[in-house]
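The whole structure should be built from the sequences, with the hints applied where relevant.
Spelled out, the chains give:
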Amino acid sequence: MTRINAVFVATALVLAASACSSSGSQQGSASTLEFAIFHDYSGPNAAYGPEASAGCFPAARVINAAGGVLGHKISCVPVDAKGDPADAVPAANRLIAASPSLVGVLGGGSDDATAVVPLFEQARIPIFSTTGQDSFDHARYHYFWRILSPDGAQGYAMAAAAKKLGYTRVATVFGNDAAAQGSAPTAIAGVHALGLSLAASQSLAVGQPSYRSEAQRIGGARPQAIISEADPQTSATYFAEVAQLGTLPGLITDPVSQEPNWIKAMSGAVGSATLRAKDTAVVAYAPATTLAYRAYTAALLASKSVVPGPAQWDADLYSVADYDSIVIMALAMIAAHSTSPATYNSFISKITSPSAAATIVHTFAAGKAALQAGKRIQYIGAVGPTVFNQWHNSGQGFAMEQRTVSGSWRVVNVLTAAEVVAASR
Amino acid sequence: MSAATQLYVSTLVVYFFVNAIACWGLDLQFGVTGVLNFAFVVFQAAGAYAVALFSLGPASTSGGFQRYVGGYDLPFPIPLVGAMLVGAALAAVIGWVGLRRLRADYQAMIMLVVSVVATLIANSEIGLVNGPAGLSLIPRPLAGVLNLAPARYSWFFAGLCGLLCAGVGFVCWRLEYSPYGRMLRGVRENEQAVEALGRSARRARMQVFILGGAFAALSGALLAEFVTAWAPNGWEYPETFVFFTAVIVGGRGSLWGVALGAAVVAVGVQQAVQYLPIGSDPTVLASVEWIITGVVTLAFIWFRPQGLIPERRRRFRMMPGLREDPHAGLLEEVA
Amino acid sequence: MSTLISAIGFGCVTAAILAIAAVGFTLQFSVSNVLNLAFGSVMTTCGFVAYALNSHGINIWICVVIAAGAGGLLSLGLNSLLYGPFIRHGTNLFGMVIVTIATALIIDRTTQAIVGPGFFSYVVGSSQAVRFADFVLTPEQIATIVLALAAMGTIHWLLRYTRMGKSMRALASNVSLARACGIPTRRVANIAWVTSGLLGGVAGVLLFIDTTTFSATSGSGFLIVVIAAAVVGGIGSPYGAMAGAFLVGVTSEVAAAYWNPELKDVVAFGLLAAILLVRPKGIFAEIATEKEVVG
Numbered sequence: 294m295t296r297i298n299a300v301f302v303a304t305a306l307v308l309a310a311s312a313c314s315s316s317g318s319q320q321g322s323a324s325t326l327e328f329a330i331f332h333d334y335s336g337p338n339a340a341y342g343p344e345a346s347a348g349c350f351p352a353a354r355v356i357n358a359a360g361g362v363l364g365h366k367i368s369c370v371p372v373d374a375k376g377d378p379a380d381a382v383p384a385a386n387r388l389i390a391a392s393p394s395l396v397g398v399l400g401g402g403s404d405d406a407t408a409v410v411p412l413f414e415q416a417r418i419p420i421f422s423t424t425g426q427d428s429f430d431h432a433r434y435h436y437f438w439r440i441l442s443p444d445g446a447q448g449y450a451m452a453a454a455a456k457k458l459g460y461t462r463v464a465t466v467f468g469n470d471a472a473a474q475g476s477a478p479t480a481i482a483g484v485h486a487l488g489l490s491l492a493a494s495q496s497l498a499v500g501q502p503s504y505r506s507e508a509q510r511i512g513g514a515r516p517q518a519i520i521s522e523a524d525p526q527t528s529a530t531y532f533a534e535v536a537q538l539g540t541l542p543g544l545i546t547d548p549v550s551q552e553p554n555w556i557k558a559m560s561g562a563v564g565s566a567t568l569r570a571k572d573t574a575v576v577a578y579a580p581a582t583t584l585a586y587r588a589y590t591a592a593l594l595a596s597k598s599v600v601p602g603p604a605q606w607d608a609d610l611y612s613v614a615d616y617d618s619i620v621i622m623a624l625a626m627i628a629a630h631s632t633s634p635a636t637y638n639s640f641i642s643k644i645t646s647p648s649a650a651a652t653i654v655h656t657f658a659a660g661k662a663a664l665q666a667g668k669r670i671q672y673i674g675a676v677g678p679t680v681f682n683q684w685h686n687s688g689q690g691f692a693m694e695q696r697t698v699s700g701s702w703r704v705v706n707v708l709t710a711a712e713v714v715a716a717s718r
Numbered sequence: 080m081s082a083a084t085q086l087y088v089s090t091l092v093v094y095f096f097v098n099a100i101a102c103w104g105l106d107l108q109f110g111v112t113g114v115l116n117f118a119f120v121v122f123q124a125a126g127a128y129a130v131a132l133f134s135l136g137p138a139s140t141s142g143g144f145q146r147y148v149g150g151y152d153l154p155f156p157i158p159l160v161g162a163m164l165v166g167a168a169l170a171a172v173i174g175w176v177g178l179r180r181l182r183a184d185y186q187a188m189i190m191l192v193v194s195v196v197a198t199l200i201a202n203s204e205i206g207l208v209n210g211p212a213g214l215s216l217i218p219r220p221l222a223g224v225l226n227l228a229p230a231r232y233s234w235f236f237a238g239l240c241g242l243l244c245a246g247v248g249f250v251c252w253r254l255e256y257s258p259y260g261r262m263l264r265g266v267r268e269n270e271q272a273v274e275a276l277g278r279s280a281r282r283a284r285m286q287v288f289i290l291g292g293a294f295a296a297l298s299g300a301l302l303a304e305f306v307t308a309w310a311p312n313g314w315e316y317p318e319t320f321v322f323f324t325a326v327i328v329g330g331r332g333s334l335w336g337v338a339l340g341a342a343v344v345a346v347g348v349q350q351a352v353q354y355l356p357i358g359s360d361p362t363v364l365a366s367v368e369w370i371i372t373g374v375v376t377l378a379f380i381w382f383r384p385q386g387l388i389p390e391r392r393r394r395f396r397m398m399p400g401l402r403e404d405p406h407a408g409l410l411e412e413v414a
Numbered sequence: 010m011s012t013l014i015s016a017i018g019f020g021c022v023t024a025a026i027l028a029i030a031a032v033g034f035t036l037q038f039s040v041s042n043v044l045n046l047a048f049g050s051v052m053t054t055c056g057f058v059a060y061a062l063n064s065h066g067i068n069i070w071i072c073v074v075i076a077a078g079a080g081g082l083l084s085l086g087l088n089s090l091l092y093g094p095f096i097r098h099g100t101n102l103f104g105m106v107i108v109t110i111a112t113a114l115i116i117d118r119t120t121q122a123i124v125g126p127g128f129f130s131y132v133v134g135s136s137q138a139v140r141f142a143d144f145v146l147t148p149e150q151i152a153t154i155v156l157a158l159a160a161m162g163t164i165h166w167l168l169r170y171t172r173m174g175k176s177m178r179a180l181a182s183n184v185s186l187a188r189a190c191g192i193p194t195r196r197v198a199n200i201a202w203v204t205s206g207l208l209g210g211v212a213g214v215l216l217f218i219d220t221t222t223f224s225a226t227s228g229s230g231f232l233i234v235v236i237a238a239a240v241v242g243g244i245g246s247p248y249g250a251m252a253g254a255f256l257v258g259v260t261s262e263v264a265a266a267y268w269n270p271e272l273k274d275v276v277a278f279g280l281l282a283a284i285l286l287v288r289p290k291g292i293f294a295e296i297a298t299e300k301e302v303v304g
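Chains as they are written, first to last, in this note's numbering: chain A, 294 to 718; chain B, 80 to 414; chain C, 10 to 304.
What the hints contain is simulated information worked out from the structure, not anything from laboratory work.
These numbers were taken from a predicted model, which means no experiment stands behind them.
Idealized CB from N, CA, C, for every residue including glycine.
Where hints are given, some of them may not hold.
As the list claims (entries may be wrong) - Just some of the chain A residues that point at chain C, by a computed CB distance under 8 angstroms:
#, residue
1, 485
2, 486
3, 490
4, 493
5, 495
6, 497
7, 500
8, 506
9, 530
10, 558
11, 565
12, 569
13, 647
As the list claims (entries may be wrong) - Away from chain A, derived, C-beta distances all over 10 angstroms, residues of chain C:
#, residue
14, 12
15, 26
16, 75
17, 94
18, 104
19, 119
20, 152
21, 170
22, 279
Following this line, the structure appears as structure tokens:
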């Protein structure tokens, strides 16, 4: 959105902030802890915000239901990051300045992470990011945490999945936006490394009225499968035209294809039966049967008043990851006996790392009980085990999932770490 | 004030100065001379990218994850000056093509297309300025030398912007209230009359196009240095209209008016949004913000087209001896 | 060779939609001199009108007709309730551009607030491509081209052989003279607005059928291509708009077939720049140099 607006938003908020600070400063033990959902609610990626909301609100629900954190209730505050760095920076500064009870942030999408992560770092507030950018693969931030695999690993995993599915001749098709471009180079490199033949490689200008010539070229290249990530509209237009001109080859996609907007657009374009038959999503290994996942789904469906149409998000990996992020931050506070961000931050990796002495827990309530009983815990959430490395990245295993008739997902295969590594050589 | 509040308030101050510089640049073109530059934000973007390329250093050294052409590690203030030169050069090229003898509204449409093409190129040619991901880790000027705490550095930067803003304001003031400025206003009001007096309206347009382009680039450069990142999403063509709205609401052709416009437009809008009983759904809020911006613009054009602080009418007869053509440009409105 | 021919065939589909929209945009502009940047919003609104009907089981081609009617009404409403009053209030050419932008903003964002940020699709039916010679087109695409040809034929007939069309051309070349000759300028302008809206409505639905998926901002995104086609043809000239649409549509598909598909628009717009360098007023320049707005 507009930078000018941002300024004035801001001015207005100085007044608001000064008014609030008088009331906000009286932080008694009963005050509510705020988690900001700092994602795009407007602009080209306006779906990111609601997606993160669908993770945060259910988490807040289970945490509050279990008695909250050290006597505090927690709440989720959606804040529009507006889709580009120049708008996100003042919004982030405003958030930091105007929210004395801010204890954690979900945010930093691919389009603004490099600009806003340093701000939260300075403010010493943990930020759980869903960006895939490789600039964070080895960045030394204390307060930056990433649960989902970076784009680079995602690209290799998609190539490995192509091999595992038995394809020998594949094509890559990626949108030319920031989010999609992250995994394109490694997907292509992985295809070469695994000795598959690369039939074609396309980069699509997003949001075009048609991709007929591109679709024609792909048809002519005769790939057995297409490795792809693009936004809903681009994917729908492109694959509808591929289908019109011949038959749709197999699709190998990433967590984007579990987003409701993508599913809705693609089902409308190629038909849900075709999509079900063709698409294999390569996502973090998080079987829907686990206790943690069931807890998430139950809390999500119960959060209808704050998350419109909750069921659409139940398989969205980003929502699931955001749910885990909030639970992890809350458990870290309990482990640290402190709600101070600078204090509990260093407990985040302690409550997620595996250890022989640790009790494995899958829900906030179980984790809280174990911590209060003086035990060490390892939280294994709805996205599966989260083991942070020294750069606060967590690379899980990958699973290959396909749609079922009921709209949920089933794991058809699992990629081992060795298989993904083989693609990166 | 706490450090966080200081950081926040200084951010606002920086944004105010940056927007004032940009709006004055646009006002020079649109308010004073009557050039409808709908590609204005492209020049701001050019400055932002230029300052990044002049200060990031070679691509291999700045994180290694972004691709761009060139890449120099030049000391302050060379990147800022370079950005202004790039903005001016780009304006010269685009102006040469787009400002041919055409009606102002044709020029406007061509500029709109230029704006879209520029975004397309920046997005598609990833090797140029790192495509849709944009450039990040842009160094902040003198940050290493001063070694200040974040909030204090932010104030330092606000001061720097204020200084440059004052400089731009001074230049605009000298230009606009001089015989040259009267000639520019003449181009806006009655081009034929200016031509009849032996001055080239086209050359005048080119001059303000280039100067405005340089100011836009300076604003973009400062913004990019402050934000430390710059991406195509931030300068799509609708952003230009925000500057136009600010100039119209403030009062086109009036320096104080434009500065006020840059500051006030959306304060009212934002206040209104805050007090509206529309809930806190950020998706709807963002829509409402734009709708109110649209309605405020319409209201101003209807009720107060001259803006909050109207342009002072100069007490000279326009081009004495020449018949005023009722169909020529803005005459009906300003007379 | 077959690649070239099929790319031209594909280009014709884009060109057909573009031509309908560009003619509507430019015809209204030539008559009223108002640069209506809310044209894309009219397209989107009609697309959603069609969606509302289509989702209740009404055949998409009937929806096209109804959406056209809605477009005509909306366009007439914009002119008589908003733009017209502003012009009579004394808002000049520059002012009107800003007014139409503000209007576009209001319409688009209202639509977005109502339908949300998601994506929508029509139920069109089967759409497997049919091949003849080297052309590969779906039935919908062929229907689109036929509709466009019909629309262009109608516009040609309207402009050349009817009294109303002659009045429009008179208004386009000289407003004062047309008024002096007793042409009811406001009525003629209103009819131009209705025609523009009709064409915008048809183009909107056809565009959304073609893209298969659309959102509240799809129409405004397409507007720039429409403007490019209108500008390259010679803004204000319906025949220029047709030529411009063909040029932009076909160039971008041929560029995508032979070169980097990411840059297909850049190639089309580059061609535009080249043409404007040679002919600053576009291919067919038949517009007046005068700037009076008619409301």
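### Message
Hint by hint, where does the structure go against what was stated? Just the numbers, ascending.
### Response
When the structure is compared with the hints, numbers 1, 2, 3, 4, 11, 12, 13, 14, 15 turn out to be violated.
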